[in-house]
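K.L.:
Now for the letters of each chain:
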Amino acid sequence: GAVVSQHPSWVICKSGTSVKIECRSLDFQATTMFWYRQFPKQSLMLMATSNEGSKATYEQGVEKDKFLINHASLTLSTLTVTSAHPEDSSFYICSARDLRSSYEQYFGPGTRLTVT
Amino acid sequence: QKEVEQDPGPLSVPEGAIVSLNCTYSNSAFQYFMWYRQYSRKGPELLMYTYSSGNKEDGRFTAQVDKSSKYISLFIRDSQPSDSATYLCAMSTGGGNKLTFGTGTQLKVEL
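Protein chains in written order, with the numbering used here: chain A, 1 to 116; chain B, 1 to 111.
Simulated from the structure, these hints should not be mistaken for laboratory data. All residues carry an ideal CB built from backbone N, CA and C; glycine is no exception. Mixed in with the good hints there might be a few duds.
Stated by the list, open to error - Calculated from the model, a selection of chain B residues having no Cβ within reach of chain A, i.e. all distances over 10 Å: (1) Glu-15; (2) Gly-16; (3) Gly-59; (4) Ser-84; (5) Thr-100.
To be verified - Below are the DSS-like pairs computed for lysine-lysine, each with C-alpha atoms no more than 30 Å apart in a straight line: (6) A:Lys-64 <-> B:Lys-56; (7) B:Lys-42 <-> A:Lys-14; (8) A:Lys-41 <-> B:Lys-56; (9) B:Lys-42 <-> A:Lys-20; (10) A:Lys-41 <-> B:Lys-2; (11) B:Lys-42 <-> A:Lys-66.
Stated by the list, open to error - Label pairs and their computed distance ranges (CB to CB): (12) B:Ile-18 <-> A:Ser-18: 26 to 36 Å; (13) B:Leu-11 <-> A:Ser-18: 33 to 43 Å; (14) A:Thr-80 <-> B:Leu-111: 39 to 49 Å; (15) A:Ser-15 <-> B:Pro-14: 17 to 27 Å; (16) B:Glu-110 <-> A:Ser-15: 23 to 33 Å; (17) B:Gln-1 <-> A:Ser-101: 30 to 40 Å; (18) A:Ser-15 <-> B:Asp-78: 47 to 57 Å; (19) A:Ser-15 <-> B:Leu-11: 48 to 58 Å; (20) A:Gln-29 <-> B:Glu-45: 19 to 29 Å; (21) B:Arg-41 <-> A:Leu-26: 19 to 29 Å; (22) B:Glu-110 <-> A:Thr-57: 36 to 46 Å; (23) B:Glu-110 <-> A:Gln-42: 17 to 27 Å; (24) B:Asp-78 <-> A:Asp-65: 30 to 40 Å.
So here's chain A without its partners, still in its complex pose:
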């Protein structure tokens, strides 16, 4: 149990276009999902916390108009990178917190974004 999926696993897009990444909890309900980005050989940096039915809370330095987060249901959150630039190329990982657990976050497999 406690499986989180992400789609797509890998995407290449042209500079200036937008790309949407989906994060789904497959066998549990998640009131809270987190979005991270990870550069090569670096740690995970939290971008935003998303709660079902409400606006996401963004970390300092993360542009909310560039990284649009929607948490429409208890099993789905989406991250849209708008007007992507090469510096947005990174590994984006989501995690979901099980309603039944007070602490544990389950991570998705990640989405590798390359902006050309």
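Knowing the structure of chain A, use the given hints to seat chain B on it.
P.N.:
Frame of chain A; chain B shown alone:
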């Protein structure tokens, strides 16, 4: 100064060795401490979770937390080549709160 410091390695050990991985932190409000394992191009997988100070053992893995020294450790006994991965420490101030990660230590267990 980063909130969580972790030696990035790489750390190379022979099969069967005992591995010691460590993190230090500066925020005394951290109460929950986790260790994640991340294989290349994959999401992190939770290995161990500890609340406050103390030890916790699960199979070949032992997690230790020393809040007085702001120091946490993960020990892996009888290391296997399949343990080769990046190990990330993470901590939070409250259950379910956002996690602050270390940079990760790359471990390679060689035959």
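K.L.:
When the hints from earlier in the document are held up against this structure, which numbers fail?
P.N.:
Of the numbered hints given earlier, those the structure breaks are 5, 6, 12, 15, 16, 19 and 24, listed in rising order.
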